[in-house]
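From first to last, the protein sequence lines stand for chains Y and V.
Residue numbering for the first sequence follows the UniProt record's numbering, beginning at 1 and increasing consecutively.
Residue numbering for the second sequence follows the UniProt record's numbering, beginning at 1 and increasing consecutively.
One or more hints might be untrue.
In the PhoX-like style, the derived pairs of lysine-lysine whose C-alpha atoms are separated by at most 25 Å in a straight line are [unchecked claim]: (1) Y:297 with V:196; (2) Y:292 with Y:313; (3) Y:292 with V:293.
If you are wondering where the hints come from, they were derived from the structure by calculation, not from laboratory data.
Next come the chains, spelled out residue by residue.
Number of protein chains: 2
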Amino acid sequence: MLPNKITDLFKIKYPIIQAPMAGGITTEQLVAAVSNHGGLGMIGAGYMSSESLKTLIREVKKSTEQPFGVNVFVPDEFEVSQQDVNAAKQTLQPYQNELDIQQPEVQLPKVTDAFQTYHDQIQIIIDEKVPICSFTFGIPSKEMMEKLKQHGVTVVGTATTVKEAQEIEKLGMDAVVAQGSEAGGHRGNFLSQTEKSLIGTMSLVPQVADAVEIPVIAAGGIMDRRGLKASICLGALGVQMGTAFLTCVESGVHPLHKKTLLQSTEEETTLTRAFSGKWARGINNRYIQEMKKNEEKLPAFPVLNVLTQPIRKAAASQNKIEFMSLWSGQSPRLAKKQNVQELIKQIISDPEIIN
Amino acid sequence: MLPNKITDLFKIKYPIIQAPMAGGITTEQLVAAVSNHGGLGMIGAGYMSSESLKTLIREVKKSTEQPFGVNVFVPDEFEVSQQDVNAAKQTLQPYQNELDIQQPEVQLPKVTDAFQTYHDQIQIIIDEKVPICSFTFGIPSKEMMEKLKQHGVTVVGTATTVKEAQEIEKLGMDAVVAQGSEAGGHRGNFLSQTEKSLIGTMSLVPQVADAVEIPVIAAGGIMDRRGLKASICLGALGVQMGTAFLTCVESGVHPLHKKTLLQSTEEETTLTRAFSGKWARGINNRYIQEMKKNEEKLPAFPVLNVLTQPIRKAAASQNKIEFMSLWSGQSPRLAKKQNVQELIKQIISDPEIIN
């Protein structure tokens with residue numbers, strides 16, 4: 001039997017965490033299926049209003065009695081100049097024309113609103129007695145940590161470097177996700193620069209495991225039994241998998257995103273900040289390629305995310321993958337069209353893991 | 001007992017291959033120590049004249065009766081315009097001034113010479129009955145493969161993507177090193193663009209293992225027992241380790257390179273083509289940083305390598321690490337000052353591996 005504090009910590013059967021993918025992917029079907037089959041389902045609350053989050057939590061609760069969690073994005077202070085916004089709008093205009101949508105009247109996000117949403121989300125997690133809360137893009141304040149702990153919430157941080165993992169441990173968080181450079185979607189770095197934080201999972205996990213005493217959850221490139229076993233060899237006590245769950249039938253991802261991923265190779269992902277303002281890994285497409293030359297100049301997260309939302313929305317409804325954010329890790333060849341039960345069954349089919 | 005065709009293939013005790021680091025690192029002491037302690041020592045013949053290679057092979061033979069190997073760089077066709085060379089010389093001039101060396105009269109490499117050296121190296125490997133030959137930056141021609149096989153040489157390719165691994169298998173090579181993005185030193189990509197070929201070891205190894213039937217050797221970020229075990233879980237049959245052997249007392253690396261590596265963190269490596277003209281991973285320093293803005297414009301490998309040689313040589317003799325190529329993988333925190341015997345002993349201290 002493998003020593004596994006992660007299963008004890010989260011009160012789950014298998015050390016498999018479904019990555020909290022934001023933007024409508026973590027439907028109640030996906031989250032509940034993962035939890036019902038012995039893993040930890042996670043709601044990606046990034047971008048969600050607190051009301052929508054509350055509704056989704058209640059729906060998940062109707063579908064599972066097992067523990068599940070919510071991930072929140074920690075807001076940054078950001079500056080938004082009208083000049084940068086106008087420049088970005090101009091850069092985005094040709095895509096709006098091509099998609100035949102109007103220049104939308106976007107409500108630019110305010111720092112105070114971002115912090116308000118964040119605090120509201122945390123309050124809902126507490127009120128709804130969600131047992132696990134994980135953080136991306138930063139760590140909570142000491143006060144927020146204390147509040148979560150007082151209410152018995154298990155708190156998990158996301159680190160991309162040893163320094164970030166140490167900060168997470170220092171704050172008293174219960175576990176740390178070590179996100180390797182293979183991971184799809186947003187980079188979770190918050191102390192380290194993005195470029196410096198692109199450490200492969202094979203390198204990151206043992207270096208983090210040596211540096212902290214809290215349980216380490218490996219993330220990045222892990223798709224199956226082999227990845228879980230390897231992660232455990234490297235010193236992790238569990239895994240967080242995104243892309244593998246993204247292509248499951250229960251995920252709320254756009255059908256063409258799923259289809260593209262199932263046909264892609266390891267060479268086709270790239271890093272871009274042209275969708276949200278933060279760096280993220282996805283399948284390269286026309287929008288990413290064309291924006292490469294502008295991407296350093298685009299406004300910060302979450303401003304850019306709001307500005308590109310109409311494009312992404314129209315692209316989704318018009319089935320135009322060339323403008324969608326096709327998040328994917330570096331192992332799309334290992335992605336399968338299957339349901340959550342089949343995926344988890346495959347992973348735990350090794351006696352070393354299930355015993 | 002683990003199924004291990006790698007140990008049978010190479011007639012070695014443990015599935016541990018010392019990466020063939022070029023540039024004077026793979027001394028006869030290092031290569032022989034690795035082979036004598038049950039791994040596979042490898043001479044990095046890149047940049048070596050065939051005469052020096054012959055001498056080194058003979059020295060290694062005096063120090064070990066165990067199998068060892070030689071790695072060769074496959075030359076590319078390259079173009080060298082006097083204009084680009086002059087521009088590069090101008091870019092490099094301030095460093096020569098600072099190191100107080102003259103603008104050296106460099107003999108620019110010719111494509112024909114590069115191919116001649118390559119063929120001579122292969123001839124020496126055959127003549128000296130070196131049992132194993134591995135290739136980087138490409139694959140041998142069919143004729144060369146046949147010749148090597150006729151002489152009983154075991155032939156190994158280096159791949160950074162699935163496509164490259166498949167090409168290696170198709171040619172009839174005996175095994176493939178899957179080099180993940182964590183790896184230190186030169187990227188071995190030859191069919192895939194560098195940017196697309198930066199696949200983390202956790203992603204690369206299972207995708208390669210699924211795509212080929214020849215044995216896969218994992219490389220990139222592997223430093224200890226954990227890395228070997230994880231690699232085997234991912235579908236590899238052995239590992240190739242560079243950085244871990246680089247800091248061993250037997251390695252011929254510059255003492256300050258070794259010292260720097262032992263004090264570095266995972267955040268400090270970066271990719272650069274400013275030393276040789278090909279992309280390689282090393283500890284970031286002043287030269288790399290300052291050359292970032294020029295690096296896309298610099299001449300191709302091996303022209304740039306020849307042009308920067310006087311700088312690297314002077315930097316080494318003057319102990320100026322700011323101008324040295326401090327190759328390192330992404331796990332420098334796991335590097336130790338130890339001898340080869342201690343390193344191998346640590347790796348095989350797991351009964352699953354030695355049995």
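Verification of the hints:
Distance hint between residue 297 (chain Y) and residue 196 (chain V) is fulfilled; the C-alpha atoms sit about 23 Å from each other, no more than 25 Å. About 21 Å separates the Cα atoms of residue 292 (chain Y) and residue 313 (chain Y), which keeps this hinted pair within 25 Å; it holds. For the hint linking residue 292 (chain Y) to residue 293 (chain V), the alpha-carbon distance of about 17 Å falls within 25 Å, and the restraint holds.
Checked against the numbered hints listed earlier, the structure breaks none of them; every hint is satisfied.
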